[in-house]
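Position in the sequence shown counted from 1, then plus 13, gives you the numbering used here.
None of these hints come from the bench; they were simulated from the model.
Check each hint, because a few of them may be wrong.
Unchecked claim - Computed beta-carbon distance windows for the label pairs:
| no. | residue 1 | residue 2 | range |
| --- | --- | --- | --- |
| 1 | ARG262 | GLN66 | 39 to 47 Å |
| 2 | ARG377 | ARG95 | 18 to 26 Å |
| 3 | ASP259 | SER495 | 47 to 55 Å |
| 4 | THR292 | ASN499 | 55 to 63 Å |
| 5 | ASP107 | THR292 | 14 to 22 Å |
| 6 | GLU151 | GLU411 | 17 to 25 Å |
| 7 | GLN540 | GLY568 | 26 to 34 Å |
| 8 | GLY83 | ASN499 | 54 to 62 Å |
| 9 | ASP128 | ARG264 | 48 to 56 Å |
| 10 | PRO150 | GLU582 | 20 to 28 Å |
| 11 | GLU411 | PRO204 | 24 to 32 Å |
| 12 | PRO358 | GLU151 | 13 to 21 Å |
| 13 | ASP107 | GLU254 | 23 to 31 Å |
Note that beta-carbon positions come from the ideal geometry of N, C-alpha and C, so glycine has one too.
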Amino acid sequence: MPPPKLNSSSRPQTKPTMLRWLPAALVFVSIFILFLRPSPAAGDDSVDALLEQMTLEQKIAQMFMVTLHGGVLNQPSQEFLRQWQPGAVSLFSDNVTSPEGVTALTNAMQAAMQDVGAPPLIIATDQEGGVVSRLTPEAGFTLMPTPLLMGAAGRNAAQQMAIAVAEELRAVGVNMNLAPVADLETNPDNPIIFRRAFGSDPEIVGEAISGYISGMQIMNIMATAKHFPGHGETSADSHAELPRLDLDRERIDSVELVPFRDAIRAGVAAVMVGHLWYTALDPTANMPASLSAPVVTGLLRNELGFNGIIMTDAMDMNAVDLTYNFYDAVLMAIEAGVDMLALGPSTGPDVAIQAIQTVATAVREGRIPESRIDDSVRRILEAKRMYGLTNWQPLDVETTATRMRSENHAQAVANLFRAGVTVASDHFDLVPVDTSQRVAIIFLATRYQIRDACLPYTDPELTQWVGISDAPGQDEINWAVSAARNADTAIVFTQNAISNPAQQALVNALPQNKTVAVALWSPYDWQTYPNVSSYLATYSPARPAVPAVCDILFGAAPAQGRLAVNLGEGLPAGSYAP
Numbered sequence: 014m015p016p017p018k019l020n021s022s023s024r025p026q027t028k029p030t031m032l033r034w035l036p037a038a039l040v041f042v043s044i045f046i047l048f049l050r051p052s053p054a055a056g057d058d059s060v061d062a063l064l065e066q067m068t069l070e071q072k073i074a075q076m077f078m079v080t081l082h083g084g085v086l087n088q089p090s091q092e093f094l095r096q097w098q099p100g101a102v103s104l105f106s107d108n109v110t111s112p113e114g115v116t117a118l119t120n121a122m123q124a125a126m127q128d129v130g131a132p133p134l135i136i137a138t139d140q141e142g143g144v145v146s147r148l149t150p151e152a153g154f155t156l157m158p159t160p161l162l163m164g165a166a167g168r169n170a171a172q173q174m175a176i177a178v179a180e181e182l183r184a185v186g187v188n189m190n191l192a193p194v195a196d197l198e199t200n201p202d203n204p205i206i207f208r209r210a211f212g213s214d215p216e217i218v219g220e221a222i223s224g225y226i227s228g229m230q231i232m233n234i235m236a237t238a239k240h241f242p243g244h245g246e247t248s249a250d251s252h253a254e255l256p257r258l259d260l261d262r263e264r265i266d267s268v269e270l271v272p273f274r275d276a277i278r279a280g281v282a283a284v285m286v287g288h289l290w291y292t293a294l295d296p297t298a299n300m301p302a303s304l305s306a307p308v309v310t311g312l313l314r315n316e317l318g319f320n321g322i323i324m325t326d327a328m329d330m331n332a333v334d335l336t337y338n339f340y341d342a343v344l345m346a347i348e349a350g351v352d353m354l355a356l357g358p359s360t361g362p363d364v365a366i367q368a369i370q371t372v373a374t375a376v377r378e379g380r381i382p383e384s385r386i387d388d389s390v391r392r393i394l395e396a397k398r399m400y401g402l403t404n405w406q407p408l409d410v411e412t413t414a415t416r417m418r419s420e421n422h423a424q425a426v427a428n429l430f431r432a433g434v435t436v437a438s439d440h441f442d443l444v445p446v447d448t449s450q451r452v453a454i455i456f457l458a459t460r461y462q463i464r465d466a467c468l469p470y471t472d473p474e475l476t477q478w479v480g481i482s483d484a485p486g487q488d489e490i491n492w493a494v495s496a497a498r499n500a501d502t503a504i505v506f507t508q509n510a511i512s513n514p515a516q517q518a519l520v521n522a523l524p525q526n527k528t529v530a531v532a533l534w535s536p537y538d539w540q541t542y543p544n545v546s547s548y549l550a551t552y553s554p555a556r557p558a559v560p561a562v563c564d565i566l567f568g569a570a571p572a573q574g575r576l577a578v579n580l581g582e583g584l585p586a587g588s589y590a591p
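Please build the complete structure, drawing on both the sequences and the hints.
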């Protein structure tokens with residue numbers, strides 16, 4: 014059920030004087046050095062000293078990642094930060110106006126905390142790349158590729174892309190990325206993880222996300238592996254309902270947990286636990302992993318040995334709210350061993366205030382030991398110290414663009430798109446295409462950039478261009494077939510043919526032994542036309558994918574990508590055409 018509203022005029026209990034974040038003599042000086050990642054350290058005495066002087070409400074507030082709506086920090090939100098001092102804020106699309114706007118917003122948030130001597134904020138956002146990117150090109154940020162593309166390109170490419178992402182986050186005052194997704198794309202029908210995962214093979218995904226985490230750490234940005242123990246095999250979306258997974262423990266250990274183990278070995282700062290019911294891990298009926306002590310403490314903390322911040326997925330999701338009272342779920346998550354609770358985009362300061370008060374009451378009444386709160390807050394404060402948040406200074410809004418270095422990132426993105434293109438099959442050695450022979454290029458007319466990108470490689474005397482609609486009719490199919498029969502090689506572009514019967518009919522009508530099919534988005538398009546001679550996957554419909562695949566098609570660049578997902582017999586994840 015949705016959380017009830019609360020009058021935001023409520024006030025936390027406070028000690029007579031507010032404590033400054035840390036005495037100067039005790040501050041851990043975290044100096045950022047390029048290509049040097051933070052290393053875990055033993056607990057710092059200054060953290061314990063601060064912890065001892067915080068009120069119960071101040072400590073509990075550190076455990077919440079709150080949502081403040083709007084592109085500017087309004088007076089009520091500023092007062093909330095000053096009075097209640099939460100540990101973290103998550104930015105969503107409605108917070109993002111421009112790079113300069115985000116910089117001004119994060120400056121204002123941190124200044125509000127600094128003014129009252131509160132610990133600096135963890136400021137987080139979901140910048141996964143691809144379909145989940147809060148900082149968008151429309152708002153002035155660099156278009157970042159899909160995780161699938163990074164998985165196909167490999168560890169080094171994922172690391173370089175993470176450095177670019179992290180540089181833009183740092184430039185605008187964001188210090189935590191709620192990425193990478195460590196889920197596996199083992200179920201193509203998954204409604205929420207499909208196209209957000211790095212791939213389907215545990216080892217390949219683990220290697221790629223380790224590189225991604227390393228890139229974040231190089232730039233001193235906290236990375237978050239999600240959604241533990243794994244959201245990939247579900248057929249349900251936890252935003253809408255509680256997914257149930259009846260996998261046995263052996264399968265979970267050997268598949269779902271592999272990328273998370275790799276993330277922990279890579280030193281990931283946080284692990285987000287999903288709202289997923291794994292019956293083999295906790296048989297309690299309708300028990301989300303996020304609220305389960307056997308999963309959070311037993312498996313993640315103790316068995317896997319993760320010592321960083323354990324956080325929940327958004328607590329306002331239906332996977333929790335349809336079964337549990339919102340504030341009961343908050344208490345259950347803390348009892349399970351969670352350190353930080355993401356309250357979610359539908360909530361605001363009023364919900365955060367009542368959540369803090371609910372937990373404080375539970376502590377004072379003896380339901381939750383204060384030592385349980387102290388353990389989590391110590392981890393949160395230590396992470397803030399280790400990642401240099403204690404040294405916060407306002408960013409110069411006017412020089413935001415200079416710090417972002419977007420022009421460098423555009424080239425890095427282009428390089429990654431090229432590195433990820435996968436020649437999955439090439440039975441008759443049609444790739445690279447021989448342009449000294451007749452070539453028919455059948456492309457989606459709405460994607461006019463295909464012609465622009467491939468044209469320089471072609472001989473106009475030997476090339477026929479066939480522009481078709483996204484759902485070609487029979488006349489268009491007949492035109493394409495005629496062109497292909499008159500050519501030595503036919504190249505056909507599809508986009509999500511897996512769900513487009515007209516595109517499937519087109520490709521299957523072409524002469525299969527001389528057809529090169531290029532999938533501009535879903536790699537599963539191949540499953541609808543498995544008899545084509547050659548198949549290339551780009552894993553993205555974004556504009557940079559087109560020149561990248563043209564470079565590979567015509568031999569201007571070598572094919573380097575490996576299949577990010579398992580396409581079936583003969584085309585397993587990690588494979589490529591020799």
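Consistency of the hints with the structure:
The hint said 39 to 47 Å for the Cβ distance between ARG262 and GLN66, and at roughly 44 Å that hint holds. The hinted window of 18 to 26 Å between ARG377 and ARG95 holds, with their beta carbons roughly 24 Å apart. Between ASP259 and SER495 the beta carbons are some 52 Å apart, a value that agrees with the proposed interval 47 to 55 Å. Between THR292 and ASN499 the beta carbons are some 58 Å apart, a value that agrees with the proposed interval 55 to 63 Å.
Between ASP107 and THR292 the CB atoms are about 37 Å apart, so this pair departs from the stated range of 14 to 22 Å. A beta carbon spacing of about 22 Å between GLU151 and GLU411 agrees with the range 17 to 25 Å that was offered as a hint. At about 27 Å, the CB distance of GLN540 to GLY568 agrees with the hint of 26 to 34 Å. Evaluation of the 54 to 62 Å hint for GLY83 and ASN499 yields a pass: the beta carbon distance comes to about 59 Å.
Between ASP128 and ARG264 the beta carbon distance is about 52 Å. The supplied range of 48 to 56 Å therefore holds. Take PRO150 and GLU582: their Cβ atoms lie about 39 Å apart, and the range 20 to 28 Å is violated. Our hint of 24 to 32 Å for GLU411 and PRO204 is violated, since their Cβ atoms are close to 43 Å apart. Separated by about 19 Å at the C-beta atoms, PRO358 and GLU151 satisfy the suggested range of 13 to 21 Å.
The given range of 23 to 31 Å is respected by ASP107 and GLU254, whose C-beta atoms sit roughly 25 Å from each other.
Consistency note: the structure conflicts with the earlier hints numbered 5, 10, 11.
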